[in-house]
Amino acid sequence: MDAPFETWNGACAPLSEIPVLNPDRFQRFLADGLAAGGRVVSLFGRPAKAERVLVTAVVADDSANRIGLLSTAVSRRWPSLAARFPSLQGFERELAEQFGLIPEGHPWLKPLRFEHRRAGGTDSGRGSHPPIPGDYPFFQVAGEEIHEVAVGPVHAGIIEPGHFRFQCHGEEVLHLEIVLGYQHRGVERLLEGGPDPRTLAVAETIAGDTSIGHGLACCCALEAMAGMEAPPRASFLRAIALELERLANHTGDLGALAGDVGFLPTMSACGALRAEFLNATAEICGNRFGRGLLVPGGVRFDLLPDEAARLAEKVSGAFALVRESASLFLHAPSCRNRTDGTGALSLELCDQLGLVGPAARACGATRDVRRDHPFGLYRFAHIPVANAETGDVFARAWVRYLEAERSAQFVVNHLRMLPSGPVRSPLPPLPAHRLAVSMVEGWRGEIAHVVVTDGDGRLERYKVLDPSFHNWMGLALALRGEQISDFPLCNKSFNLSYAGHDL
Amino acid sequence: MIGILRSRLKLGQQTVAYPQGPARFPERFRGRPVLDPGRCPEGCAACAKVCPTGAIRELPSLALDMGRCLFCTECSAACPTGAISFTRDYRLAGRTKEELLVCRDEPTLARALDEKMQELFGRSLRFRQVSAGGCNGCEAELNASGNVQFDLSRFGIQFVASPRHADGLVVTGPVTENMLLALQQTYEAIPPPRLVVAVGACAISGGPFAGTPVANDGLAGALPGVPVDLWIPGCPPHPITILDGLLRLLGRVRGDALKLADTGIMNPDRSGGG
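Just so you know, the protein sequences line up as chains A and B, in that order.
The first sequence begins at 17 in my numbering and counts up one residue at a time.
The second sequence begins at 2 in my numbering and counts up one residue at a time.
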């Protein structure tokens, strides 16, 4: 039992089949896998016997469409791999915060989201003085001409809270540090002990703008665990809803980017056109964010043939307007002047940090869960992966535009070829002592839910990964050497989730 | 330049007719629930069992707390006798938490502020918004309420960057422990008299996060003793529900001026179960 247990997205593994190596061997396997081009999808702990923590790695081999599972039992300290593989920095900090595992030699061992420690599997309870994010060991640049700018947690607009600390020399940002955790709601612990009537409601609000993405990841995880699949018609409606979510958010982002460079025609047009896609989702299920549409085993709402045809026409018409108003922004010399070369990340840095989603594809990385680890309808219907190379604000806008275009085509085509049949089948009880991995390409990138059942088939551990977890460090590094006045533009070009990171 | 003008012309007038005309909602929009406790079979609690947030209470008789409700309609699907249904009525806001409790089918619409406050804020109202654990659903709908479609600013209502410039506070999210201090300080920085508005199930009751040890079950738990002027339920509330609540608070929309019954909005939801 030395090689990782090989499986794939949407499959379920008996816990007894996942090899448990000693920490050194585990780290060697992990390092070899990452050096060979593997990617860590998740690295999470759960309490084990004798005050140890069982750490499980989920490593994706994108080109082989496979994932490997590997575990180790750690008692308090373990050697850090973050200096060599920066994509692990957040995972190791999370394990330190949740379980007190000290990654020795970690270059940036700071609080991740000010979460309370899980001790021996039980809630340790809140201390009398909870730590407040902001009381934080900031990296500081010294020197007479250096000044520091602090922003947040309450921002100027209607935005989620986070704290940004800039070390500046004049206008130039030497370093940006991002402190999160203000949004921590204890999502994972609320999901544990389930599934129950609240499970999907929590999953849909992990990141509220990604209700379909996270809801789908949750449904697929439970279905994988139970060894069932949603009926074909439900798979179609789910994929249509996921692409509508992408369309709505990408359209909104194109508008917001235009707003941040003061190009108002596209800002107001795309701001309103975003609603066309939200409303299309509401035509299916009554909620603009798709809440209540998904249910383990299928979907709650169906479309009549004439409703589907009307919706296809509506989406196609709305996208024609998006194309027109986004083109104004993408081609205006004044906008190109602000977006070309701004906040650029190299492909090398992108891979080191393990970025996902449009932010990674803007740097030339080609990963996309829909192609690399297809799920549901994407196993049969392919969407071309959108790419750019320059890794700057323009590239992130361009990739969003291309993706929106392809999503619109996908939605229109599939609304016209919905298969017949039921849209929901019952979810059988979950088997005991299993682990299932469910990955979904949300509009921000790779969403991963990993679930583990106990002896009674209840969820003993529920690990959630929002794409923002991987990408926040990308934003911090994209700001280096930029003007501080370009921060809003760079921030919007990533448009990451605070709630999804803080859980 | 000509291209910009041409594309602008094509888009035409984008602002909704509301409040002068009817609000357009999708056929399946899930708004105010109506209850018919007379239909409840003896000892049946099918609805309460499936509710994700414990919104259904069996007081002397069936009641549904819109402050907790996510409008998922699981209860109406589970009900064997059709005692619960969801209408398309978007007017959900209440002045007190108690007003959010639906017992039968008559809506309690939000009352206006007293005359003095209406005089102060009726034509110009500036809010500071604080997201305290909000998932970005309510935040997104608050942002949308200011876009060209819903255009909150045509009523003189705006969101401002500093609490010092604000007349009130709009809170979303269950108020996480990690955000409590920032929320308190923002509230204190707003000069009185100030309005406080809770938007969304989380800010009213904790929503899906009720009972989590790292949040406060919403505004009342986080800022005890601070009067809340308006509660706007939903997960998230539709921008027009937000607009309607604020305009009723300011006395700029009253009663059933739109004759909802004529617009078909009061017809119980036709879709539902899958």
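Just so you know, these hints were derived from the structure itself, not from any lab.
Just so you know, these numbers come straight off a predicted model, no measurement behind them.
Some clues are possibly wrong.
[Stated by the list, open to error] Sample of chain A residues at the chain B side, in silico, Cβ under 7 Å:
1) Pro35
2) Pro39
3) Ala172
4) Ile174
5) Pro177
6) Arg181
7) Gly197
8) Gly210
9) Glu299
10) Ala515
Idealized CB from N, CA, C, for every residue including glycine.
query = For this structure, which hints from the list above don't hold up?
reply = 1, 2, 6 and 8
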